[in-house]
Structures are given as C-alpha cells and as structure tokens.
Amino acid sequence: MATELNPGDRVEITRTAKGGYYKGRYLATVVCYLGKTRIKVRDEAGRQRTPFSIQVKRIA
1 MATELNPGDR
11 VEITRTAKGG
21 YYKGRYLATV
31 VCYLGKTRIK
41 VRDEAGRQRT
51 PFSIQVKRIA
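Its first residue numbered 1, the sequence shown is counted upward by one per residue in this note's numbering.
Incorrect hints may have been included.
Keeping only pairs whose Cα atoms sit at most 27 Å apart, straight-line, the calculated DSS-like set for lysine-lysine is [what the hints assert, rightly or not]:
1) K23 x K57
2) K36 x K18
3) K23 x K40
4) K23 x K36
5) K57 x K18
6) K36 x K57
7) K40 x K57
8) K40 x K18
Please keep in mind that the hints were generated in silico from the structure rather than gathered at the bench.
Here the structure is a predicted model, which means the values were calculated and not measured.
Hey, can you work out the whole structure from these sequences and the hints?
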C-alpha cells in the first residue's frame, strides 16, 4: 500500500498506542521515504513526523 505513495501526496495517518489501541488519526503530506518501514510526513500544523508505512493510507 505505502509503495504507491509519492512525495506531495495527501495521506491519512492512523495513530495507535503500544498494544494496538486506537488513538486517532490526522491528515498529512508525504515528504520522503526513510528506509522500508517509515515515511516522513508533514501534518497540517507543520510538524514533521515519521509513522510506520502500515499506518499510512492514501486519500483518493
């Protein structure tokens, strides 16, 4: 799923706490890839985050 993402794409990030409990979600823009498991994104507040690629879903 995450391999189809390009820099500049809008994505939705699902946040989970340790143990898999749902914490929420936020919208962001893809900045770049950091290896195979993480993607660098910039959220709407301008903060850069690095979620795991499994947490990232592309917005159509």
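> Any hints this thing doesn't respect? Which numbers, in order?
Replying inline: Of the numbered hints given earlier, the structure breaks none, since each of them holds.
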